[in-house]
Amino acid sequence: MTARQILPVETSFWPALALREEDIARQWLEKMGQSYPAQTAAFIAAQEDPFANPVGDRARRAARALARVLTTPRPLPAEEEELAAALDDLMRVRAVQALTPEEAVGSFFALKAILRASAAAVGGGEEAAGELADLDARVDRIVLAAFGKYSRCRETLFALRAEEIRRRHARLSRFFREAEGEDDP
Amino acid sequence: MSPRPAPDASTQGPRAEQPRARRLETPPVFSPGSFCHPARQETVAALGLPHPHPWQPTEEDWHLPENWEAILRAAFQDRLRKYRSLRVFMDICARCGACADKCHFFLGTGDPKNMPVLRAELLRSVYRGEFTLAGRLLGKAAGARTLSKTIVKEWFAYFYRCTECRRCALFCPYGIDTAEITMIARELLLELGLGANWILEPVANCARSGNHLGIRPQVFQEMVQALCDDIREITGIRLTPPCNEKGHEVLFIAPSGDLYTEPGVYTFMGYLLLFQAIGLDYTLSTYASEGGNFGLFASAELAAKVNAKIYAEAGRLGVKWILGGECGHMWRMAHQYMDSMNGPAPAGLEVPRNPVTGTVFRHAASTKMIHIAEFSADLLLHRALVLDPARNDHLIVTFHDSCNPARAMGLLEEPRIVLRAACNHFVEMPENTIRERTFCCGSGAGLNGDEIMALRMQGGLPRGHALRHVQRHNGVNTLACICAIDRNSLRPLADYWAPGVSVAGAHELLGNALVLPGEGERTTDLRREPLPPGGAP
Ligand code: SF4
Ligand code: SF4
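The listed protein sequences correspond, in order, to chains A and B. All the letters of the first sequence, read from the start, carry residue numbers 1 to 185 under the numbering used here. All the letters of the second sequence, read from the start, carry residue numbers 1001 to 1537 under the numbering used here.
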């Protein structure tokens, strides 16, 4: 961070936004936490041990990856991969919790407002319209990706139910099929 | 789940803390995937339980008996009289919050009512309101409530979102055991004819045929034979396990799931290979054909009823001691309750003694029953088994401490001794997720019905998160356990949270590695998957 901090803030949009990377991550994390009751949100934010707070760990990782990718004009492939993995981890959680699909995915839209406010704070007004439009489009793609992951998780959940029922009586069914002289498939 | 802030409230920052009494008033929500199917009327009737009737959690009217309040009050009073522990647990909670964030259901669902302290408060508030003077006088100010139909619904919702895992108790400075509070609450609900089908049906089957699925003796024997056929094809060795025979030294009882579910069957094959390797003088039984005991998840009475067959059969067959398979709650039962519920053990039984090593298992002096993990660990520590662990070299194994053997029984080292001997690649999950501090699979205490798969996955998150970690960082591809419920429930857990990890019993891996006199060269493991060509993966 020290190297970045010596940049004059006015130089250009992206370096200025990059200075706010941590702040953007924090704001989004807070926003995401609000889909839980206040007491839970406070816990998710406070407990730092990743294994004592798996939701917080996954949310923090996603927040970091989102802020990293959205504060640079051209994210590195490794950064994009990290975001995809972090989103996958987080959406697995959100897809099984008692959230509506809108709630599960909606918090990603908040990135637009957060990014705009951050841009405004660093002087990225009218002249940054192009960059902001680019960011909006990228947030849209992130929302779509998150929704895709959400849907696949829901499908997996139903598949797991079916598979469990099959496996539960696997040997018994085989036994009865064989007893009735049918072929083992 | 408790209500979330309206979307427009989200910019206002975290909400102020709700007063406890108000949060408790939030009516429970029965959304799909979050509640157990109710026990069928015929099942409740078959078990001779009170007030069998049809009802649905999602409906407004649960058709409670007319005098439901009197029934509950009397039943609660009765339990308070019988169990001093319950009175203590109701009285002494200091609301310190040490347990609050220790429950896998809180961590996975984010619902504050899944904090153990609030779960217990659902019962404790009624205790105060109905049975204490302060509660009667001060009411809500003292955190007291009187019985209502909403409270009954809340109990059904939240005491069937507790797997009785006892993790919270580990962190409570007073040792308050929320699992036991859950057990009592479930008993109270049963008095109104309210139970979970996934729990009571196996109990009814056990009462009729001795095992959860209601398998008849002939089928039981055929299933064992089928596994022996598989063993013969894999190892070239023909086994003929004695069944219902008098005069043997040991009665072996496995959870019946190991006979007919995958991957449990491979663990059963491992047991049989072990007995063959050491020439154990044992018999199986079609009467005591089930080590599992879903009665434990319903009531003390049903737990005792289901468990009675173990001593009855040991006495009838005249064995010297009892060996139990890889089961979790069977050990909670054997270790904590069997003595007082079904004891004393029949006269002819002796303190278990390993016939190969001479080790006497004195901790089982009263129950006369030991867990196969301690038996095998003893054999291994005495170098009494010949192993070829390279047969498991395609596996990088980690171990899930199932709540009951770990926390209720202290079986922490024994399964690890087995796994380290049987496998060359063994990795631990992060230390605050194993041993005494293990996280539940999320499907224990009868919460392993498929209708609550979403809830189970939420409860399984902390375990899944740790598993995913060792999968990513250590290449773990196998999750071992010593519990039959886990062999089933960790399967979807792994598929969801750490796809690519498979689940195995410790004795399946031991069975793979065991070198038996007279066996042919093995080309596959017990799952008939090709053995590794040699060397690390
Ligand atoms: S016993 Fe386990 S599931 Fe029940 S409240 Fe305690 S930690 Fe949660
Ligand atoms: S840790 Fe024990 S005393 Fe503290 S809130 Fe939980 S149950 Fe109560």
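Treat each hint with caution, since some may be false.
Claimed, not checked - Which chain A residues stay away from chain B? Per the calculated CB distances, all over 12 Å, these:
no.: 1; residue: P75
no.: 2; residue: V96
no.: 3; residue: A119
no.: 4; residue: V122
no.: 5; residue: R138
no.: 6; residue: L144
no.: 7; residue: F158
To be verified - Using C-beta positions, here's what the derived DEER-type ranges look like:
no.: 8; chain 1: B; residue 1: R1472; chain 2: A; residue 2: A170; range: 26 to 34 Å
no.: 9; chain 1: A; residue 1: D140; chain 2: B; residue 2: V1029; range: 27 to 35 Å
no.: 10; chain 1: A; residue 1: D88; chain 2: B; residue 2: E1059; range: 36 to 44 Å
no.: 11; chain 1: A; residue 1: A162; chain 2: B; residue 2: G1236; range: 35 to 43 Å
no.: 12; chain 1: A; residue 1: A46; chain 2: B; residue 2: H1053; range: 15 to 23 Å
no.: 13; chain 1: B; residue 1: Q1225; chain 2: A; residue 2: R141; range: 52 to 60 Å
no.: 14; chain 1: A; residue 1: D49; chain 2: B; residue 2: R1208; range: 43 to 51 Å
no.: 15; chain 1: A; residue 1: A78; chain 2: B; residue 2: V1356; range: 53 to 61 Å
no.: 16; chain 1: B; residue 1: Q1056; chain 2: A; residue 2: E103; range: 21 to 29 Å
no.: 17; chain 1: A; residue 1: A84; chain 2: B; residue 2: H1053; range: 23 to 31 Å
no.: 18; chain 1: B; residue 1: E1350; chain 2: A; residue 2: A162; range: 19 to 27 Å
no.: 19; chain 1: A; residue 1: E163; chain 2: B; residue 2: E1350; range: 42 to 50 Å
Bear in mind the hints are in silico, worked out from the structure with no lab data behind them. Note that the Cβ used here is the ideal one computed from N, Cα and C, for glycine as well.
Numbers of unmet hints, in rising order: 2, 7, 12, 17, 18
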